[in-house]
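Once you've looked at the hints, dock chains B, C, D, E and F against the given chain A.
Chains as they are written, first to last, in our numbering: chain A, 1 to 318; chain B, 1001 to 1318; chain C, 2001 to 2318; chain D, 3001 to 3318; chain E, 4001 to 4318; chain F, 5001 to 5318.
A hint or two may mislead.
What the hints assert, rightly or not - Stretch-level coverage of chain F by chain A, calculated; a stretch enters the list once three of its residues show a Cβ under 8 Å from a Cβ in chain A: (1) 5077-5087; (2) 5106-5115; (3) 5125-5131; (4) 5220-5226; (5) 5257-5268; (6) 5273-5283.
Said to hold, decoys possible - Derived DSS-like pairs: lysine-lysine, alpha-carbon spacing no greater than 30 Å straight-line: (7) A:K181 to F:K5289; (8) D:K3181 to E:K4285; (9) A:K20 to B:K1289; (10) A:K285 to B:K1016; (11) E:K4181 to D:K3289; (12) A:K301 to B:K1020; (13) C:K2020 to A:K20; (14) C:K2114 to C:K2020; (15) C:K2301 to A:K20; (16) B:K1108 to A:K285; (17) B:K1016 to A:K301; (18) C:K2181 to B:K1282; (19) B:K1016 to C:K2282; (20) A:K289 to A:K301; (21) C:K2285 to B:K1016; (22) C:K2114 to D:K3301; (23) F:K5301 to E:K4181; (24) A:K105 to C:K2181; (25) B:K1181 to C:K2289; (26) C:K2020 to A:K108; (27) D:K3114 to B:K1114; (28) F:K5285 to C:K2301; (29) D:K3289 to C:K2108; (30) D:K3282 to E:K4016; (31) D:K3181 to E:K4282; (32) B:K1020 to F:K5285; (33) D:K3020 to F:K5301; (34) A:K16 to B:K1289; (35) C:K2105 to D:K3289; (36) C:K2016 to A:K20; (37) E:K4282 to D:K3016.
Rather than coming from a laboratory, the hints here were simulated on the basis of the structure. For glycine and all other residues, C-beta sits at the position ideal for the given N, C-alpha and C.
Protein chains: 6
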Amino acid sequence: MFYHVKELQFNARVSKPDPKFASLLLEQFGGANGELKAALQYFVQAFPAKMPYPDKYDMLMDIATEEFSHLEIVGATIQMLLGNINGELKNQAEESEIMQLLNGKEAKEEFIHKAMVNPQFFGLNGGGPALTDSQGNPWTAAYVTANGDLTVDLRSNMAAESRAKIVYEYLLQFTDDPYVKETLRFLMTREIAHFQMFEAALDTIQPNFPQGILQGDPRYSNTYFNMSSGADFRGPWNEGTSPGLGETWQYIDDPIRHVMESNGMQGHQPTGTPRTQDQVEKMNKDLGKMRSSQIRDAIPKGEVQWSNYSAREGKRNI
Amino acid sequence: MFYHVKELQFNARVSKPDPKFASLLLEQFGGANGELKAALQYFVQAFPAKMPYPDKYDMLMDIATEEFSHLEIVGATIQMLLGNINGELKNQAEESEIMQLLNGKEAKEEFIHKAMVNPQFFGLNGGGPALTDSQGNPWTAAYVTANGDLTVDLRSNMAAESRAKIVYEYLLQFTDDPYVKETLRFLMTREIAHFQMFEAALDTIQPNFPQGILQGDPRYSNTYFNMSSGADFRGPWNEGTSPGLGETWQYIDDPIRHVMESNGMQGHQPTGTPRTQDQVEKMNKDLGKMRSSQIRDAIPKGEVQWSNYSAREGKRNI
Amino acid sequence: MFYHVKELQFNARVSKPDPKFASLLLEQFGGANGELKAALQYFVQAFPAKMPYPDKYDMLMDIATEEFSHLEIVGATIQMLLGNINGELKNQAEESEIMQLLNGKEAKEEFIHKAMVNPQFFGLNGGGPALTDSQGNPWTAAYVTANGDLTVDLRSNMAAESRAKIVYEYLLQFTDDPYVKETLRFLMTREIAHFQMFEAALDTIQPNFPQGILQGDPRYSNTYFNMSSGADFRGPWNEGTSPGLGETWQYIDDPIRHVMESNGMQGHQPTGTPRTQDQVEKMNKDLGKMRSSQIRDAIPKGEVQWSNYSAREGKRNI
Amino acid sequence: MFYHVKELQFNARVSKPDPKFASLLLEQFGGANGELKAALQYFVQAFPAKMPYPDKYDMLMDIATEEFSHLEIVGATIQMLLGNINGELKNQAEESEIMQLLNGKEAKEEFIHKAMVNPQFFGLNGGGPALTDSQGNPWTAAYVTANGDLTVDLRSNMAAESRAKIVYEYLLQFTDDPYVKETLRFLMTREIAHFQMFEAALDTIQPNFPQGILQGDPRYSNTYFNMSSGADFRGPWNEGTSPGLGETWQYIDDPIRHVMESNGMQGHQPTGTPRTQDQVEKMNKDLGKMRSSQIRDAIPKGEVQWSNYSAREGKRNI
Amino acid sequence: MFYHVKELQFNARVSKPDPKFASLLLEQFGGANGELKAALQYFVQAFPAKMPYPDKYDMLMDIATEEFSHLEIVGATIQMLLGNINGELKNQAEESEIMQLLNGKEAKEEFIHKAMVNPQFFGLNGGGPALTDSQGNPWTAAYVTANGDLTVDLRSNMAAESRAKIVYEYLLQFTDDPYVKETLRFLMTREIAHFQMFEAALDTIQPNFPQGILQGDPRYSNTYFNMSSGADFRGPWNEGTSPGLGETWQYIDDPIRHVMESNGMQGHQPTGTPRTQDQVEKMNKDLGKMRSSQIRDAIPKGEVQWSNYSAREGKRNI
Amino acid sequence: MFYHVKELQFNARVSKPDPKFASLLLEQFGGANGELKAALQYFVQAFPAKMPYPDKYDMLMDIATEEFSHLEIVGATIQMLLGNINGELKNQAEESEIMQLLNGKEAKEEFIHKAMVNPQFFGLNGGGPALTDSQGNPWTAAYVTANGDLTVDLRSNMAAESRAKIVYEYLLQFTDDPYVKETLRFLMTREIAHFQMFEAALDTIQPNFPQGILQGDPRYSNTYFNMSSGADFRGPWNEGTSPGLGETWQYIDDPIRHVMESNGMQGHQPTGTPRTQDQVEKMNKDLGKMRSSQIRDAIPKGEVQWSNYSAREGKRNI
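In isolation and in its complexed conformation, chain A is listed as follows (with noise of 0.2 Å):
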């Protein structure tokens, strides 16, 4: 169940409107990276978590919660900044006494202008944030990835901390509002912390990799295709030790002639590996168990009930 405090999580403020600004940070609210995206995504992830791993659970929800917190700091970031609009769309006095002492016509003008350049709260939203990015494509949940797999979900959730905090990065250079920037300080920062605790959480998960279950060919797990020729170069992603599986890189310098004198890779020997067929067959085997009876022990056979209301003994600190 979810609760609400009217009161933001980080004191958020704004020295002045700047609608242009508003519209730039929507990007935080609708956009592919930002907090809404980060809420829901861990929220969905949460959902097959909860009962084999309740601890994984327990840090999605806080953190899928604090994203939703976060959201409402933009949200309200974004209509501090439009400053009056939304009351300005009301005022239909064409020839108003305060127009006309306020020279009407350049009022008219600018208020057009800014139209223009904003059309999302001028046009359909009237004077708030909408749920669009900077371009006003409306949010969708194409951008959330839910994989069902905690050593492939913590992943994505890392790189899509990296994304969020880099979009904040650059908005920070977009505003010269002491308040608005301290904000996005905070929430940039929060990223950094959340990028932490989800690498924090994979490295307690063993083995993470390969993420899930199969384990890879050995034939094909340390084969570096030079498919881009000219200003080719080589570095510790094709020369050395591979990091994951520390096998040893093997450079394909002409891949279309080995492709085809290995008959599309049917006669591809494994070398620079200790790995075996027969270990991977029985790492598959081994760790589908482990990971598989996991799951299936802590599910309930027949009836299940997602929350037990005895359960908290007193112990209430909300």
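Same frame as chain A, but now just chains B, C, D, E and F:
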């Protein structure tokens, strides 16, 4: 700020797994009229309402938060209906002893068959709920409407609750699980309750019709164009008195002739209405002044701060 | 069958080109609450209504067809506001004599500048209207709602008309062209008229609340959960009598405690309502029987034919 | 202005309900190459054509309006194929006497099964057609192409008709209902007719190749790059004379070498073409002048009015 | 298998940064008619063509690969036009010495202004090209058409090349950079070349009209419905002989009357055509047999292998 | 420049047609984590990397090109799994002799049934692969992330490879065809290899955490908000030392109270971290200077040329 309590708002249970119904139920998780749409719609509408209309803001946030809690109930039910799919996907031992005992070939085919019918759970998502509708369309913010005017937004919400209600009604036809039915009835009933909350709130705003500020042109507000010929019907929507403005409906039986003869409605004269252009203009000006100043007055000049942390005088019911 | 008359339903004119406003006006051409959405929504809803409810079918098709006619008015206005952009794009003589006379460099830059602000007209579409909103989002049927029940669909339509009305109201702020204002006022007023038609039609269906067939569970239909703490407000939406069912609102001040103590609402008892579970069940059965038989009886068994061409007894007003 | 006549353009009938085929038929209702796409594509293209090219405008509006009429035929057929689903969804008496007589359990399961296969009709839409394709994707204006140039738009339309034709052809394989086949054959044949109309119209515009104004650079218009090696073929698309410009195809057998040696095509010389850069520049200037002035001359300076209501001299065939 | 050579197919250069034009140029990178759409469309069409029609497969893959190479040219040009935006975004020293020297405040504001006009480059993407069109819409496969029949696909491709051509033509109006113009002219000319390749290939398939297999019904293939009344025009599209089938156009001046009187076209008789239903049925059967057996015969029974690595007899031009 | 070799990188084969599995396999052709997404993501990221970081550019283009080659393998496998669907769709002889021999009615129904389960192959696409996922959603560039910073992009890529890997793992459960399994294992293993390449490349960039330039605020980088109460867990993600910055996690057990008491975190003091604001500011300035000048220095002033055709000194391995 949002806060999460691990117990669900409603004690959701399932009798046994049913991935097929889980698939249909996605309609209320990531569908066009589902809980996420409701939650985010009210949440987004709340921002421009907060300062000028704190009572409506309170109501919008109360209901938005409840809808997030319903989203969680739906997700939990889907997860329980999926049973052990997540675990089965990890079981990679093809010739496992268990499978051999339990006529492996048939079990395998049954598993494959289930995947064809519910690809979302078996392929990409790995046995958890996805933010899609029952046909796999990712949720999009194009479902959300927020237009910066409560006389519009509250009506949008009444319609949204109507649609959510009927979808629960339809879904109830497709499960025989008494626990699931119990949960769906709770959720469906809450849509009925919310509908009435929005209706009551709309009624406290006067005038609330026409929506927004501008009055309709008396020439065009009570004409009915008979644009579809054959099997014509008359009813209170085209004869007698119009429900909102109390004008007399003017039925244009042959609209093409009428448009031609009135020079594209330029020569059309108002009939059946006591309203005049002067009254309309005065009303536009007065109402615009009233509403725009309500909003302008509620927004501080200069620095703005969203929350006042010292305002809660000890009163903390959470 | 549709038929087109080249003259517009309203004599749309513009004083001079204004590509900027054309860009905003796209909101009503291909936008979420624009004319295309309205036209297609009522058109799609009409199909299941035709046989059981021919009077509502007549109304839906009348209004749908008028909305197509409005779509044409909006498109024509956009086209006129674009002036000669289409022609300018064909003028490929870089060093044309005219350009040389008319300080070519500046003209060129002005042209380029206009294209930056309105890329839709200059790049892809080549100087005509596009089926997008003012920010370039292509129109999507995700905007359209049709749920197969008139107690729902008519409410969706009332909300849709509300949104279309307010968007015209906002747009009127951004043009000073008296001709364009005249057209927008006609279109805005028609939304007010349509709203009342749908309202009157809904009123002829009794009962129409709750929507569809199923009655709400008396335990949950009048509870208000105070899910957002701090700055709480009371109003007719959470105290007194609920507007639809006439029950007494039950305000749950501390929902977390209440959920915990009621075992996830399982122990929650109905209060403040005269309705009982037995009445609900009887009503569900009776209303379901009535409505489903209305529909079943209206649909012929075996072969079905949509139109009866001999039915029009000479009476042809087209 | 659009007008609707309740009778369909074609006397569509069905022999008996078939929700499965209804689901496939959605492809032509809300699919990428369906009737809505065709109708809106020609409708949108018509706006920039109206003033300079009223004859093409007439044709585009004739065909657009016919496609709207076809959309209605497809929708009506889908509705008839759905039979009484809409009514069944209202029948909420779980233990109805009828169900008990008619072995209720099996009927229920059959109903549930149908819903799994066609969720669009049972879940969200409630037994009517939806603006989606056969897989539930909502219709999007991304399907529509309108580029402001008839030498392009008419070719887009020929391709669109080709796709619509083949989809009807495929659909005909999936029904045995003679009435439905009759309707599909009518609709399919109309695509063939429309294709020829667009072809004939394109032929009246001279020159119409290359499309638009600018001529191709003689260095690059007749080269064929053999970018996919192995199993190479020669045919009239890379040897002999090119069909549009009548140049001699130049086959570049080893494009990588050619690009390297020609300094990225900078050193590539025109061969096999009589066209010169001078001719190209002259043609660009002349054709640009002609086409841009045609358009400019057709658009009134200053005030513009779309329709002239007094122009129809009594001649009214509607 | 694809292979990449770091050098571009065309020696693309820019004279100086121009982020505004970069923004428009996105139309050809991730836009509806851009290079990605072309590349993927031909690539996808190639799969079903490979076995039965290896010559068309060769052509489709040649052109698809060239389009990928063009996509790279467009991306490289955008990147060069963006100049050092990517680097500027990293420069986080607010009070840097350089900024102070170079009147920092103004530089900052200029930078902010540029970001407002091109949010895609400054916000999310960080100074590189994005797979969107010029308005920020993400590329979607809804742009791609592939229908499994070369008489359709090749026509789709001719239309696609037409659209790509005109978009390049429009874009050429918005840059004065001679290097960029040179590149755009190369790319535009290639669309002209590809159009002719597809046209020539279509011509080698006989018959290719109507598309696919099924012939049109002689009753409906030559009728023209005058669905849009007023300002009617006659031309080769509705009088004389139809270009594809050589039938005589039948002009139905009053389509409503005609439909009524013909009982929804049931009583409409074929006129102006020598084709008969018997001929049509025979042609359907014969052509269907021929084409389906061509395909069936080309696909091996049982095991299938895509490539034959020993088939290249030493002949390797790569 | 891209180049294509007709032979696949891997010798893909199938034992027999299996349209059902073809349908699931679309997930890796046009799905969110499929080969097209991978190919285009790395390709797009490569543009801003080219000048400042040619070694990373080389790696990104090598892997992007390999992913295009994998896309081709997946497409080829789908095509082979579809068998002769394309040909069957051409067979329009309803009463063919063959059908009559082979109990035509049943064959017909089987064919219709297959189409219902896989509408994508039978309806629109005509028996070839489509750029959609397994549920028919068209591929969208919303899947692609490219943020102009390698410390972010490489992490995005590691996550992308993780997701692709698990989807192949799931898919392997749904086929028994040994040839198909062989191909899927090759493709799955390549994701494992690519993951390690990106990991190794990330490691060569120092510092790479936090991502980008800006350091986190020491007040907020090590706090853990316990936002989801009940069943709380402690682990290395909220106690002990944070993995990236080596700070001591600060666990805020009652976040609502903490936020209230700290005036919305304004009064929150840094604890458990040696980092200071001064250090942060210095680091921001220094790192920003370093990275921005790396990029600025790599980009030529004035004219820019993407490729240098004379640079390859005869060394041509293609």
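Okay, the hints, checked on the actual structure:
Counting residues of the region 5077-5087 of chain F whose CB falls under 8 Å from any CB of chain A gives 0; the rule of at least 3 is not met. For the region 5106-5115 of chain F, the assignment as covered by chain A is violated, since 0 residues bring a beta-carbon within under 8 Å of that chain's beta-carbons and 3 are needed. Residues of the region 5125-5131 of chain F with a Cβ under 8 Å from some Cβ of chain A number 0, which does not satisfy the need for three, so the listed coverage is violated. Beta-carbon proximity to chain A at under 8 Å applies to 7 residues in the region 5220-5226 of chain F; the threshold of 3 is reached and the given coverage holds.
Coverage of the region 5257-5268 of chain F by chain A holds in this model, with 6 residues showing a Cβ closer than 8 Å to a Cβ of that chain against a need of three. Counting residues of the region 5273-5283 of chain F whose beta carbon lies closer than 8 Å to any beta carbon of chain A gives 0, which falls short of the minimum of three for the stated coverage. At roughly 20 Å between alpha-carbon atoms, A:K181 and F:K5289 fall within 30 Å of each other, so this suggested pair holds. For the hint pairing D:K3181 with E:K4285, the CA-to-CA distance comes to about 16 Å; that is within 30 Å, so the pair holds.
For the hint linking A:K20 to B:K1289, the alpha-carbon distance of about 26 Å falls within 30 Å, and the restraint holds. Of the pairs offered as hints, the one joining A:K285 and B:K1016 holds, with about 28 Å between alpha carbons and a cut-off of 30 Å not exceeded. Taking the CA atoms of E:K4181 and D:K3289, the gap is about 20 Å. The hint holds against a cut of 30 Å. In summary, the hint linking A:K301 to B:K1020 is supported, as the alpha carbons are separated by about 18 Å, within the 30 Å threshold.
Distance restraint check for C:K2020 and A:K20: the Cα-Cα separation of roughly 18 Å lies within the 30 Å cut-off, and the hinted pair is therefore satisfied. The hinted pair formed by C:K2114 and C:K2020 meets the criterion: a straight-line CA distance of about 8 Å does not exceed 30 Å. Among the hinted pairs, C:K2301 with A:K20 is inconsistent with the structure: their alpha-carbon atoms are about 62 Å apart, more than 30 Å. Distance restraint check for B:K1108 and A:K285: the Cα-Cα separation of roughly 17 Å lies within the 30 Å cut-off, and the hinted pair is therefore satisfied.
Distance check on the hinted pair: B:K1016 and A:K301 sit about 8 Å apart at the alpha-carbon level, within 30 Å; holds. Among the hinted pairs, C:K2181 with B:K1282 is consistent with the structure: their alpha-carbon atoms are about 17 Å apart, no more than 30 Å. Our distance criterion of 30 Å between C-alpha atoms is met by B:K1016 and C:K2282, whose separation comes to about 29 Å. Proposed proximity of A:K289 and A:K301 is supported: the alpha carbons are some 19 Å apart, at most 30 Å.
Straight-line distance between C-alpha atoms of C:K2285 and B:K1016 comes to about 27 Å, which keeps the hinted pair within the 30 Å bound. A threshold of 30 Å between alpha carbons decides the hint, and for C:K2114 with D:K3301 the separation of about 20 Å falls inside it, so the pair holds. Between F:K5301 and E:K4181 the alpha-carbon distance is near 20 Å, which keeps this suggested pair within the 30 Å criterion. Of the supplied pair hints, the one linking A:K105 and C:K2181 holds, its CA atoms being roughly 17 Å apart against a limit of 30 Å.
For the suggested pair B:K1181 and C:K2289, the alpha carbons sit about 20 Å apart, so the restraint of at most 30 Å is met. In summary, the hint linking C:K2020 to A:K108 is supported, as the alpha carbons are separated by about 14 Å, within the 30 Å threshold. The hinted pair formed by D:K3114 and B:K1114 meets the criterion: a straight-line CA distance of about 15 Å does not exceed 30 Å. For the given pair, F:K5285 sits about 79 Å from C:K2301 by alpha-carbon distance, which is inconsistent with the 30 Å threshold.
Taking the CA atoms of D:K3289 and C:K2108, the gap is near 16 Å; set against the 30 Å cutoff, the hint holds. Under the criterion of a C-alpha separation no larger than 30 Å, the hint pairing D:K3282 with E:K4016 is consistent with the structure, at around 29 Å. With a C-alpha separation of about 17 Å, the suggested pairing of D:K3181 with E:K4282 holds against the 30 Å cut-off. In summary, the hint linking B:K1020 to F:K5285 is not supported, as the alpha carbons are separated by about 56 Å, beyond the 30 Å threshold.
The hinted pair formed by D:K3020 and F:K5301 fails the criterion: a straight-line CA distance of about 64 Å is larger than 30 Å. This hinted pair checks out: A:K16 and B:K1289 have alpha carbons roughly 23 Å apart, not beyond 30 Å. Distance restraint check for C:K2105 and D:K3289: the Cα-Cα separation of roughly 19 Å lies within the 30 Å cut-off, and the hinted pair is therefore satisfied. Straight-line distance between C-alpha atoms of C:K2016 and A:K20 comes to about 29 Å, which keeps the hinted pair within the 30 Å bound.
Taking the CA atoms of E:K4282 and D:K3016, the gap is about 29 Å. The hint holds against a cut of 30 Å.
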